[in-house]
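Spelled out from the first residue to the last, the chains are:
Protein chains: 2
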Amino acid sequence: MSQLKGACIIGQSGGPTSVINASAYGVIRTALDSDCITKVYGAANGIRGVLDDVLYDMGQEDAEELELLLYTPSSALGSCRYKLKDSSVDDTDYKRILEIFKKYDVRYFFYNGGNDSMDTCNKISKYMQSVGYECRIMGVPKTIDNDLWGTDHCPGYASAAKYVATSCMEIYRDARVYDTGMVCVIEIMGRHAGWLTAAASLACLSGEGPDLIYLPEVDFDLDKFTDDVKRIYEKYGKCIVAVSEGIHDKNGTLIAEYGADNAPVDAFGHKQLGGLASYLAGYIKGQVGCKVRGIEFSLMQRCGAHIASATDISESFMSGKAAVDYAVEGMTDKMVGFERHGDEFGNYVCGIKLMDLVDVANTEKKVPLEWINAEGNGMTDEYIDYALPLIQGQPDRPLRNGLPRFAKLKKIQAK
Amino acid sequence: MSQLKGACIIGQSGGPTSVINASAYGVIRTALDSDCITKVYGAANGIRGVLDDVLYDMGQEDAEELELLLYTPSSALGSCRYKLKDSSVDDTDYKRILEIFKKYDVRYFFYNGGNDSMDTCNKISKYMQSVGYECRIMGVPKTIDNDLWGTDHCPGYASAAKYVATSCMEIYRDARVYDTGMVCVIEIMGRHAGWLTAAASLACLSGEGPDLIYLPEVDFDLDKFTDDVKRIYEKYGKCIVAVSEGIHDKNGTLIAEYGADNAPVDAFGHKQLGGLASYLAGYIKGQVGCKVRGIEFSLMQRCGAHIASATDISESFMSGKAAVDYAVEGMTDKMVGFERHGDEFGNYVCGIKLMDLVDVANTEKKVPLEWINAEGNGMTDEYIDYALPLIQGQPDRPLRNGLPRFAKLKKIQAK
Chain A
-19 MSQLKGACII
-9 GQSGGPTSVI
1 NASAYGVIRT
11 ALDSDCITKV
21 YGAANGIRGV
31 LDDVLYDMGQ
41 EDAEELELLL
51 YTPSSALGSC
61 RYKLKDSSVD
71 DTDYKRILEI
81 FKKYDVRYFF
91 YNGGNDSMDT
101 CNKISKYMQS
111 VGYECRIMGV
121 PKTIDNDLWG
131 TDHCPGYASA
141 AKYVATSCME
151 IYRDARVYDT
161 GMVCVIEIMG
171 RHAGWLTAAA
181 SLACLSGEGP
191 DLIYLPEVDF
201 DLDKFTDDVK
211 RIYEKYGKCI
221 VAVSEGIHDK
231 NGTLIAEYGA
241 DNAPVDAFGH
251 KQLGGLASYL
261 AGYIKGQVGC
271 KVRGIEFSLM
281 QRCGAHIASA
291 TDISESFMSG
301 KAAVDYAVEG
311 MTDKMVGFER
321 HGDEFGNYVC
331 GIKLMDLVDV
341 ANTEKKVPLE
351 WINAEGNGMT
361 DEYIDYALPL
371 IQGQPDRPLR
381 NGLPRFAKLK
391 KIQAK
Chain B
-19 MSQLKGACII
-9 GQSGGPTSVI
1 NASAYGVIRT
11 ALDSDCITKV
21 YGAANGIRGV
31 LDDVLYDMGQ
41 EDAEELELLL
51 YTPSSALGSC
61 RYKLKDSSVD
71 DTDYKRILEI
81 FKKYDVRYFF
91 YNGGNDSMDT
101 CNKISKYMQS
111 VGYECRIMGV
121 PKTIDNDLWG
131 TDHCPGYASA
141 AKYVATSCME
151 IYRDARVYDT
161 GMVCVIEIMG
171 RHAGWLTAAA
181 SLACLSGEGP
191 DLIYLPEVDF
201 DLDKFTDDVK
211 RIYEKYGKCI
221 VAVSEGIHDK
231 NGTLIAEYGA
241 DNAPVDAFGH
251 KQLGGLASYL
261 AGYIKGQVGC
271 KVRGIEFSLM
281 QRCGAHIASA
291 TDISESFMSG
301 KAAVDYAVEG
311 MTDKMVGFER
321 HGDEFGNYVC
331 GIKLMDLVDV
341 ANTEKKVPLE
351 WINAEGNGMT
361 DEYIDYALPL
371 IQGQPDRPLR
381 NGLPRFAKLK
391 KIQAK
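Those protein sequences? They're chains A and B, same order as listed.
Under our numbering, the residue at position 339 of the first sequence is numbered 319, and the numbers go up by one with no gaps.
Under our numbering, the residue at position 87 of the second sequence is numbered 67, and the numbers go up by one with no gaps.
Any given hint might turn out to be false.
Copies of the same chain look alike in the list, so a pair counts if it fits in one copy or across any two.
[To be verified] Each computed DSSO-like pair below joins lysine-lysine, with the alpha-carbon atoms no more than 30 Å apart: (1) 345 to 204; (2) 63 to 82; (3) 388 to 215.
Bear in mind the hints are in silico, worked out from the structure with no lab data behind them.
Quick caveat: nothing in here was measured; it's all calculated off a predicted structure.
All chains, full assembly: derive it from the sequences and hints.
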């Protein structure tokens, strides 16, 4: 395919992860080293930075500082939750994006995000094709939710999973230290897909995991839940429960809403959830009468870079690098995904596959029901086999004063 | 002093820490290797195990498994919050303890805990002296609260501080990822002393820490707090706040109680606090109108062994070892404390000092007011200089399947 010379933009969007910057670094480093790519711009706060003409010149950053992006949580370029309208309804934003692309001679656009970001990516790609502007557009996935369609797993999931499994093991030890009864309800992120909550089951491998695990893939019943907890509590005097924030009853009503009916809504129409652990803890306290503690892993589960998976970091970098390599070769309109291979010894090997953006955008991949036990309160070995290779390895992250040394970018604005 | 031959008991009490087992291992390993100590018993759930005659024979544990205690959070022998009455009021428990001591020929008693545990230790010591039973009794401190009198710092504090500082840095990155306003209120443990909340200021060293830090050493005023947050939010569009769970107004009323008046009370008369972050988040949301998130570090801050300080682990071990060494030499009725020295190059060196139990029991050491800034919303460099050496070093903790490999004790009951 013909060589295309021009600048590139990398943007980050949606909720951050511990390793989204490792993907961005994969894009930035590879693009800076490419002969085809003349300039590398980072968009401030995703597509907003393009619309507002706030682009950082990544070529002016120190190489060592850029490399620290491998170990730096959250989106270093800033994120947004801005939703593009369909261009058939209102093409104002698209015209503006085209204007900026022309201004900076942008011929490559890499967008690093989840479902909504792939949708944004797809819309821009379609618009550029419709107006005949030659530009190669690639999606670089990230999500702790692991819910992107068509890829074996998503960059960002494994590190969050490792945080969840490790913290569950530690809490398991802590929560049974006293000679008195204790129920612990741990709330884990995941609105529609229970992948991250499922990771709590990895702690069960050593017998130090939650007794009960509830995902949004299965309808949640408060009475059944109470019976489950009572049965275990009466036997052991302790019970640890992991629940996904998105669990709902058979009518689709979120259990989180049982406690708080009027949660605020974000720009994508997603309810801002929270307080589920404390609601369920209070409910169980009333039913069982023992000491109950509600725990939320909150932001820590998605920004805990100190316990990131080294496998996740290297795969995240690889996905960013592949996006640039394939785009330079002529690919466009694709998301970089992973496929799982085994080597000759049956060991896990992760390969790259490309998927059409249109297929990925706004499609959610849920946990297979056959990976959830018959009772709907735990995971099967199939899940463990799937997840375990992903969380391996501890990164050799740099420290200063015994604390993380995160990347500090100069963020020099392009003119 | 005369050599005293006999068995020893080690018990753990109060809230656990990431490294309390490193102290216990210091006791157990040193006692097992001692010529004077004939048997090493672990009391199940602290003094309750003595009263109930549930003692584990530590000599039957595998040496490798015992060594894993260095990296295993929570109290491996189990804990309790049982409070001994004064023997002048009711000596039933004391008679029972003496009976058990005689039954197993116990001549050494090591108690691993905080303020209340040192009180227990002191009471037992005084009783044994009063009845003329020769027995050497030593307190081995632990507390994430760092509030024990007379010692430079307490085992367990540094690891919790490292968790707090690291997590604050990660949250700092996460909480400012969007191009929209955000206030984050982080609740940190500490009822009367703000040591652990002060550790949030370590994150400020790299410019990635909370904007505001409130300790219980200073009266908290909701209007002043609101002004502080508004000032920072208006300037930066973001504000991160760290608050100690024990902050209170000038009348001594806990701010946590503004939201929840009737919190339950534990056996020592301590209120079971919680929900402060969510109360303050809701309050600020009402005042500022922006997105606000309340975060509780909950149990994770005291059981996060995966991010323990290697310095803390080695000092914890050292304190347990010193307790045995000094007891064998003839010391009794003391708590092992730390004193800080500098070597010839001005580097931090931690030495052992012994303190009378009676002086330590039930005395709380608070953060010096001169280490808190004039505004009462941040820490001075004196605190940083104090805390920084304590959090250094990453332990080489063993993993299995990419997850922690904690000690699994056989816990064979002594006959």
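Taking 30 Å as the upper bound on the Cα-Cα distance, should residue 388 and residue 215 be classified as within, between, both, or neither? between (52 Å within a copy, 21 Å between copies)
Same-copy or cross-copy closeness of residue 345 to residue 204 [CA-CA at most 30 Å]: within (26 Å within a copy, 48 Å between copies)
Give the relationship of residue 63 and residue 82 under a CA distance limit of 30 Å: within one copy only, between copies only, both, or neither. Close inside one copy (22 Å), not across copies (75 Å); limit 30 Å.
Hint compliance for this structure: every hint is met.
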